[in-house]
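From first to last, the protein sequence lines stand for chains F and C.
At position 106 of the first sequence (counting the first as 1) the number is 106 in the numbering used here, and the numbers step up by one without a gap.
At position 131 of the second sequence (counting the first as 1) the number is 131 in the numbering used here, and the numbers step up by one without a gap.
Be aware that one or more of the hints could be misleading.
What the hints assert, rightly or not - Some chain F residues well away from chain C (every beta-carbon gap over 12 Å; in silico):
1) Phe115
2) Ala187
3) Gly208
4) Val317
Unchecked claim - Which bits of chain F does chain C cover? Going by a derived footprint, with three or more residues having C-beta under 8 Å, they are:
5) 119 to 131
6) 143 to 156
7) 235 to 246
What the hints assert, rightly or not - Here are some of the chain C residues that sit facing chain F, going by a computed Cβ distance under 8 Å:
8) Asp29
9) Thr45
10) Ala46
11) Val53
12) Met79
13) Leu120
14) Gly129
15) Ala146
FYI, nobody ran anything at the bench for these hints, they're computed from the structure.
Don't be surprised by glycine CBs; every beta carbon is placed ideally from N, CA and C.
Number of protein chains: 2
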Amino acid sequence: MAADELGEFERIARFFAPLAGPGGLGLLDDAALVECRAGRQLVVTADAIVAGVHYLPDDPPELVARKLLRVNLSDLAAMGARPLHYVLTTAFPAEINPEWLGRFAEGLGEDQRRFRIDLLGGDSVGTVGPAVLSLTAIGEVTAGKAVRRSGAKPGDLVWVSGTIGDAYLGLRLLRGEYSELSPEHRAYLVRRFQIPDPRTQLGPLLRGIAHAMIDVSDGLLADLAHVCETSQAAAIVELDLVPLSPAAEVIVERDPAMRPRLATGGDDYELLFAAPADAAERIVALSSRLGVPIARIGRIEPGAGVRLADAYGRTIVVEQAGYRHF
Amino acid sequence: MAADELGEFERIARFFAPLAGPGGLGLLDDAALVECRAGRQLVVTADAIVAGVHYLPDDPPELVARKLLRVNLSDLAAMGARPLHYVLTTAFPAEINPEWLGRFAEGLGEDQRRFRIDLLGGDSVGTVGPAVLSLTAIGEVTAGKAVRRSGAKPGDLVWVSGTIGDAYLGLRLLRGEYSELSPEHRAYLVRRFQIPDPRTQLGPLLRGIAHAMIDVSDGLLADLAHVCETSQAAAIVELDLVPLSPAAEVIVERDPAMRPRLATGGDDYELLFAAPADAAERIVALSSRLGVPIARIGRIEPGAGVRLADAYGRTIVVEQAGYRHF
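Working from the sequences, and respecting the hints, build out all of it.
Structural data, given as structure tokens:
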């Protein structure tokens, strides 16, 4: 954690040291300490975001912070891990103002409390380009019990939490579309784009139930393809079973061609998993206990690739299998 | 580890997946796994570097990679930790070429073998600005035995490994100075700037000996000031005891005013520590066993701040207490 710029120490002391947990040693040391609990493995993931690519310079700084944190928590949830800590490195241009930083740190603080995690440390440097923020999140899981992408088996049912396509619609809305939508639906979709709700409770409870799991970031079909590839299996998804929010339903009702597009949108940060058919009852019970909708959308088959089908099993061809940022 | 750009998957598979250790799961999952060993703590540190600030775009990519890795290993060593793994996020401009990336990955691979560490995972995104590379390193230490910055006590002796000021001189040399120096001395100083030798063996062996430790990145005096501040103590350093390399001695002989400047240079990545006086014999034995020079340069006193003194105890005023990059 070298100091590279005048002002770095002050910036760290003012904005980031208050976020440090006990293992962060007040951000005053060369490194941070993380406890090892017997019978556990730590789970580590990282994401970087760039101003103008993954967020817009005039996005609320609190939301930028919380989204950066939450996309990582979603990755931990997809492994069945409970989140513990995070490490943050920031490269900001010289013109970043303290108010922006203060609000950014506030966003981190708010979500630290919500998800019971703390800051371990990091680094803060300057750049002449757009800001680049990199966050490494650390969670824990019972040793040997992490849920991988690679365990899906033919016969497994495919499930997804929450609703799909909202973030994609939220982005289109921010670009000026869907002005005819009700204010409530508009606000809902924009929020789903701006700040995901990582399934940090559900993920760990799916250990021992899910054979394979991933979080939906590239798009439902693309992420299911990742599961199929690493599991060496195929999947079929029944389009009508893909869960949509009331706001998305309004849009799809007016423009039915949007329905398959939503299955290729991204940034849903829902959990997509394969589980044996006899686990269905437990999954439904879990859904009801947590108040988190979990929908069965398809099944794993022998072979390779992901096929989208209608209720009669006929293949639906999708224009765009993937997702790109602004 | 979300995918944000076309080509990210190929880039990861080609350059980075071969660097992944068992816990990295082939970089094919949402997160990586780290074993928890009973009676250990993990030690975590992070550094970010920016093209044009911390390295120059035409620096050899292998050296950029190895320096990024090594500055983090130096932080782990300063805590007395043994290095295990690292996580890497990269933000590269579109014009980065595969040859550069290949050589960058080669540099990582070479140092992975040397330091017996492996890649856990990370993220790769695009930027329109200069490249920003962020590395989080994970090591381990016997629980409760990490060496902090805060444990220095009046009466402790202050020690430093290796030689001081070489990297600072190497940077000046790259800027066109010291052309009169012998080719051997020139090559030595440039190398000391371009690629540090983190004291990964020495650091863990100083657990139980050093009361406080830090690695010299901001400059000997500035880093000792960090130790004093967190330890709530003062330090006196005797300038003539600060160890210089033969190359640096040549420069100081011609320009004696350079001697105090070297104590404020940076990027030495040597270990600076305070230890009780009765540990001196063990430290000398350790130095001789490892073949790593360790010099006694001063002592900890009650009070605050760092004072540089001549052999008669007279204070030497230093122009610049700190270090800035290009």
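Among all the numbered hints in the text so far, which are the ones the structure does not match? Going through the list in order, the structure violates hint 7 alone and respects the others.
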